[in-house]
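J.: Below, each chain spelled out in residue letters.
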Amino acid sequence: MTTETQSKTDFSTDPNANKGMDFSTDAYLDMDLLRFLTCGSVDDGKSTLIGRLLYDSKSIFEDQLEAAESASLSRGDQRMDLALLTDGLRAEREQGITIDVAYRYFATPKRKFIIADCPGHVQYTRNMVTGASTANLALILIDARHGVIEQTRRHSFITSLLRIPHLVVCVNKMDLADWSQEKYDKIREDFEEFAARFEITDITFIPMSALTGDNVVNRSENMDWYQGPSLLHHLENVHIAGDRDMIDPRFPVQWVVRPQGDEHHDYRGYGGQIASGVFQVGDEVVALPSGMESKIKSIDIGGDPQQFATPPVSVSIQLEDDIDISRGDMLCRPNNQPTSGQDIDAMVVWMADTPMKVGKKYTIRHTSNEARCIIKNLNYQLDIETLHRIEDVEQLKLNEIGRIAIRTTKPLFFDPYRQCRVTGSFIIVDEQTNNTVGAAMIIGETN
Amino acid sequence: MTSATQQSGAHAHYKLTHLKALEAEAIHIMREVAAQFEKPALMFSGGKDSIVMVALAKKAFRPAKFPFPLLHIDTGHNFPEALAFRDKLVDEIGERLIVHKVQDLIDRGDAVEDPGPFPSRNRAQIPTLLDAIDKYQFDALFGGARRDEEKARAKERIFSFRDDFGQWDPKNQRPELWNLYNGRHRMGENIRVFPISNWTEMDVWQYIMLEEIEIPDLYFSHKRDVVERRGQLVPVGDAPFGPRDGEEIINRTVRFRTVGDMSCTAATDSPAANLEEIVGEVAAARASERGARMDDKTNEAAMEDRKKEGYF
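Protein chains in written order, with the numbering used here: chain P, 1 to 447; chain W, 1 to 312.
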């Protein structure tokens, strides 16, 4: 099968490969972090693409290459299978499949990257959702010979559902499509047509060949009709600073820092990670659920004072007044507060073999808060292939997505997921097995 | 004082460097464990990753004390420099250290030394760790493992569940989404928590440099007696770490990229005598850090198998 050999590449013959990166110390200390998601299946060249990014950025070490090489040879492969670098579990290697998210790391002098490498098949939707939950950018691969297929639509939908702000559509295997602009344009049009239904604000299309390296790290000479950046150039330069919400201050209290000794006996810090917005010393804040107001006396990290704190930094905040605040409470601004409520409308991805049932009680974890809830209603299930709503359903099975209404035992302080991924998301936990069984994105309060 | 979290300039505070993002994530994870578990402990080996973990715990909990002790699973095969460093650090930070010794379990007959010509106490660490968990009833243990170290680790969760026997089941891991960690567990179950999962070796070195974190001298270039064994430079010391038949002791300028059990940690030729030089060396490195760990070379799934048995 041609696709099999395509995904096995011997990069060591490429004279341009692995020429190394020049890291100056200062540049490295000033780098930012981009978390991105790749999703795809065995045949679409994803492993080859990741292998090339890792190899060309010198993130694969010789001993790791040797290990993959000797494993390939012992299986009787002709060339090294790059998937062996990423498929970490014995079962994955034995079955030649990817069953779980693998995290990969590489850096260029401009940025550090974390790749959440996700399996592409529909039975691994929950794994993809897991990887997508922390990603700033998604890479979707399309085989130029096949164009937009069902899997493309499903992956794009999940990208949109999880609100990954940036999407890169890699039209791959252009070498097998005669480097044809016509074919690329057709795929682009097809994609834009169906993607119009999604709320994805930033989409970039790149024609490439992961196998030959065209437009992966270096601009392609085979496609002079394409004027855009190479993939790596785009990954290095895509503007992500604007992804952080600096407008709506939300600080879920996670842990109360209270020294026992005499030395710091008046220190009482509220530890937590800034969910969104900017907090500054002197700011007026309100604590939820009590509604008590105070001012920020100090912000510190391990005793090291800070004037400001922005998301997602973990800090300790002291207030001017001694008010009763504990884990699960939230600090925000008096004139900018989240919704406090017990009736919540949300999209949920079901992640367990045991289906979600209407009327059943679960525990949920939302920010630093924990509550119990009952599933009041399942409004509809969304067919992730056609995006049609299926009404009159009683339960959601593994990997199914639906819109639910829940009622919680106590008020939660939340925002719509579209506004804030941290205060707009929660997980559902089965009280018998303790497993995480659902991932939910809040739409708002139930009417 | 230089600090990853220090702000300077009117607008510099809006810039989020990767180290600051990683630091924030690690602090969040540590506080989450402190809040969700009754009896956590921080695994401390004296190696650089566990030293960084202590530095992060200070950021998470100071000016208060850590809400957990440090736990050292002592193989008895330590570099003397690493032990001295451990005791000095514990003294400085004023936290509680529990030392649980592999030798005690071997003496009791509850652990056995690996047979063969390359004895390592990696395997004997497993029952020792499980014994410590049982004795002190720990329900969560912080480890300094990173996903970039090894491909079984690349798939492990940050909150990694172990059953009553301390075993890891890679096919039955809980989904882990956003920054929401589900620590619910039954009696007898415990978790291993990896706050620096998303750090690379380079990140750790950069953080040590930026935060001016003290580490053992072993990491810096020095003269040392070594032998060449299976293509690696193995440090020689007092018995049982002396040279074997036919091996010649060479005095070389070396340093260690990783400091573990002395019987299975190889040195590398290196002139890097300070952090900046080490960072430069790491950037140019051609072999992974675990390449210096002979125990991972046994077979392709060595790490996965050890983890399933209860290894970190």
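None of these hints come from the bench; they were simulated from the model.
Model, not experiment: these values are computed from the prediction.
Hints may be right or wrong, so weigh each one.
Claimed, not checked - Calculated cross-link-like contacts (lysine-lysine; reagent style BS3-like; alpha-carbon spacing at most 25 Å): (1) W:Lys15 - P:Lys397; (2) W:Lys65 - W:Lys135; (3) P:Lys297 - W:Lys171; (4) P:Lys110 - W:Lys65; (5) W:Lys58 - P:Lys297; (6) W:Lys65 - W:Lys15; (7) P:Lys410 - P:Lys376.
J.: Which numbered hints does this structure break?
T.: 1, 3, 4, 6
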